[in-house]
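*Asks:* Heads up: the sequence lines are chains U and E, in that order. For the first sequence, the numbering used here begins at 1 and goes up steadily by one. For the second sequence, the numbering used here begins at 299 and goes up steadily by one.
Any given hint could be a false lead.
Just the calculated beta-carbon pair ranges, DEER-fashion [to be verified]:
(1) E:Gln-394 to U:Thr-211: 51 to 59 Å
(2) U:Leu-278 to E:Asp-512: 52 to 60 Å
(3) U:Arg-292 to E:Arg-378: 48 to 56 Å
(4) E:Lys-434 to U:Val-262: 55 to 63 Å
(5) E:Lys-519 to U:Leu-153: 51 to 59 Å
(6) U:Arg-162 to E:Gly-446: 26 to 34 Å
(7) U:Arg-292 to E:Gly-446: 36 to 44 Å
(8) E:Ser-445 to U:Arg-292: 17 to 25 Å
(9) E:Ser-443 to U:Thr-211: 46 to 54 Å
(10) E:Gly-446 to U:Val-98: 26 to 34 Å
(11) E:Asp-422 to U:Thr-211: 53 to 61 Å
(12) E:Ser-445 to U:Ile-11: 44 to 52 Å
(13) U:Phe-215 to E:Asn-347: 52 to 60 Å
Hints in this document: simulated from the structure, not taken from any laboratory. Cβ atoms here follow ideal geometry from the backbone N, Cα and C, with glycine treated the same way.
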Amino acid sequence: METVSIIFSFIYQYADNIGFLLLAAVGLIIIFGMMGVINMAHGELMMIGAYITAFAYHAGVPAPIAIIFAGIGSGLAGIVLERLVIRFFYRQLLSSLVVTWGISLVLTEGFLLIFGPSILNVPTPFGSFGVGELTFGIYRLVLFGVALLLIGLIWALFSYTRFGARARATMENPEMAEAFGINTSRMYALTFGLGSALGGIAGGMFALTATISPFFGVNYTLFAFITVVVGGGANVITGVTTSAAALAGAQTIVNNAWSVYVGYVSMMLAAFLILLILPRGISEYLERRKIRVAKKNG
Amino acid sequence: MAAEPAERQSEQALLSVDGISSGYGSARILQNLSFAVERHEILAIVGRNGVGKTTLMKTLIGLLRLMDGTIEFKGESIGRFRPSRRAHRGIAYVPQGRGIFNRMSVTENLVLGQGLGGIGRKADFDRVYRFFPRLKERGSQKAGSMSGGEQQQLAIGRVLVGQPELILLDEPSEGIQPNIVQEIGQIIRRLTEQEDLTVIIVEQNLELIHSVADRCMVMDKGTIIAHLTPDEIADEEVAKRYLAIA
Numbered sequence: 001m002e003t004v005s006i007i008f009s010f011i012y013q014y015a016d017n018i019g020f021l022l023l024a025a026v027g028l029i030i031i032f033g034m035m036g037v038i039n040m041a042h043g044e045l046m047m048i049g050a051y052i053t054a055f056a057y058h059a060g061v062p063a064p065i066a067i068i069f070a071g072i073g074s075g076l077a078g079i080v081l082e083r084l085v086i087r088f089f090y091r092q093l094l095s096s097l098v099v100t101w102g103i104s105l106v107l108t109e110g111f112l113l114i115f116g117p118s119i120l121n122v123p124t125p126f127g128s129f130g131v132g133e134l135t136f137g138i139y140r141l142v143l144f145g146v147a148l149l150l151i152g153l154i155w156a157l158f159s160y161t162r163f164g165a166r167a168r169a170t171m172e173n174p175e176m177a178e179a180f181g182i183n184t185s186r187m188y189a190l191t192f193g194l195g196s197a198l199g200g201i202a203g204g205m206f207a208l209t210a211t212i213s214p215f216f217g218v219n220y221t222l223f224a225f226i227t228v229v230v231g232g233g234a235n236v237i238t239g240v241t242t243s244a245a246a247l248a249g250a251q252t253i254v255n256n257a258w259s260v261y262v263g264y265v266s267m268m269l270a271a272f273l274i275l276l277i278l279p280r281g282i283s284e285y286l287e288r289r290k291i292r293v294a295k296k297n298g
Numbered sequence: 299m300a301a302e303p304a305e306r307q308s309e310q311a312l313l314s315v316d317g318i319s320s321g322y323g324s325a326r327i328l329q330n331l332s333f334a335v336e337r338h339e340i341l342a343i344v345g346r347n348g349v350g351k352t353t354l355m356k357t358l359i360g361l362l363r364l365m366d367g368t369i370e371f372k373g374e375s376i377g378r379f380r381p382s383r384r385a386h387r388g389i390a391y392v393p394q395g396r397g398i399f400n401r402m403s404v405t406e407n408l409v410l411g412q413g414l415g416g417i418g419r420k421a422d423f424d425r426v427y428r429f430f431p432r433l434k435e436r437g438s439q440k441a442g443s444m445s446g447g448e449q450q451q452l453a454i455g456r457v458l459v460g461q462p463e464l465i466l467l468d469e470p471s472e473g474i475q476p477n478i479v480q481e482i483g484q485i486i487r488r489l490t491e492q493e494d495l496t497v498i499i500v501e502q503n504l505e506l507i508h509s510v511a512d513r514c515m516v517m518d519k520g521t522i523i524a525h526l527t528p529d530e531i532a533d534e535e536v537a538k539r540y541l542a543i544a
């Protein structure tokens, strides 16, 4: 094999792995990273998105629009979930863990009962291209691009809009936010719905590459949590992107040196080591360093 | 010095509180408490620690549930409203410890003040910067990294952005240098004289009360035990009797 195609293959796999982690984590950035809710049913909200995408696609809706439907559907499902259940368990870590795990099981078994063990898959679009002797799927790069785009949009929404400022105020100090005219109860429902909608879009994107079954979600919940936790809460966006870059880096290197299985193990090991050294995540370290540098310079 | 009878609460009172009880969980801290505030008035609430002053403020803004009684603001019964709805009506709350959003910038904190309703409805940042020029200089700084005095200026400036009609100020002098306390006192005075603003202030600093308040209420055991003039509060004997401080 030529060197060029080997190098490209390596970069392609790295982008693919980063894209996977970021897209899996994209809704959880808001729900866990910002709101602090341990939502074990996050993967199931993605699963709902995948089902909506598949049904819409097979009903003749073009895939991109089907994925937008998935976002809307999962978003609404998220709002219902928040109003009926989640809102009673804010700031109760253990209870919310158990309750949302229960919801995840109910959704999985419910979909199994209603739709059976699997439904018709959606074909992966765009085909492939070749570099040297190797061929690469184009859609994987689309996943990577969309992941970056969605994270950029979340960042812009929370940094520069009125809604974003009000949401951040609510996360930081709900009582004072309420005293400043923000209906925090509605704000929680909205942000949870937004996180769920992003999960639904991610689920819809993945639906074009994976087998769609009631157990679709379990593939993502774990990786989503690892990515967000390793990123840390000091600055969720930089945290998640650096964490995905680090974890995917470890995975890609080991993948190529040994095997896919060892690649996954190495990612877990990397997460474990990072959290051992930086218990509050990468972004906490980066923020502290930024302050140190700022102090040194003046 | 005698307690004002409830009948004297005029119909134009901006805020009238009638027979309210409230507290934490099932514990009633406030018991059957009544008073009224007229427009443009600065009403000071004094009393020893733990008599329910902060509980009263939190009940007025709605962070604590009203167990009994009524709260009327501009003739509307607001006792069952959630705090955000009271804020839209024009009540602003500056809590003890200031309640700044530490992780947000100074400007972002000010912008949140727009959520407060009131007369103007249009945010007026320049007016706030005239009172507190430092807030303009420090606009992009993280609010949590400012000094206590600057944070107190931000806490008051932030509510002025929305032009509320009633400000609830809980211990504004706490942990702040005396010169800034004086400055804040002057600004409060000026605001109520020149604008359509009314203030209820909980304070331990008798000097500040003497310089700003029109009227004082003394609280003990969750109720009001006396009404005093600012001059009476400045009298050491009176202060000793009601506040156990000299």
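*Asks:* Could you run down the list of hints and mark each one as holding or not?
*Replies:* Against the structure, the hints:
For Gln-394 (chain E) paired with Thr-211 (chain U), a C-beta distance near 57 Å keeps the hint of 51 to 59 Å intact. At about 55 Å, the CB distance of Leu-278 (chain U) to Asp-512 (chain E) agrees with the hint of 52 to 60 Å. About 50 Å separates the C-beta atoms of Arg-292 (chain U) and Arg-378 (chain E), a value consistent with the hinted range of 48 to 56 Å. Between Lys-434 (chain E) and Val-262 (chain U) the CB atoms are about 57 Å apart, so this pair conforms to the stated range of 55 to 63 Å.
The beta-carbon spacing between Lys-519 (chain E) and Leu-153 (chain U), approximately 55 Å, falls within the hinted interval of 51 to 59 Å. Between Arg-162 (chain U) and Gly-446 (chain E) the C-beta distance comes to about 29 Å, which sits within the given range of 26 to 34 Å. The hinted range of 36 to 44 Å is not satisfied by Arg-292 (chain U) and Gly-446 (chain E), whose Cβ atoms lie roughly 23 Å apart. For Ser-445 (chain E) and Arg-292 (chain U), the Cβ-Cβ distance of about 20 Å falls inside the hinted range of 17 to 25 Å, so the restraint holds.
Roughly 51 Å separates the CB atoms of Ser-443 (chain E) and Thr-211 (chain U), a value that falls within the hinted 46 to 54 Å. A hinted range of 26 to 34 Å is violated for the C-beta pair Gly-446 (chain E) and Val-98 (chain U), which are about 42 Å apart. The given range of 53 to 61 Å is respected by Asp-422 (chain E) and Thr-211 (chain U), whose C-beta atoms sit roughly 59 Å from each other. For the pair Ser-445 (chain E) and Ile-11 (chain U), the beta carbons lie near 49 Å from each other, so the given range of 44 to 52 Å is met.
At about 58 Å, the CB distance of Phe-215 (chain U) to Asn-347 (chain E) agrees with the hint of 52 to 60 Å.
Violation of the numbered hints given earlier is confined to hints 7, 10; the remaining hints are satisfied by the structure.
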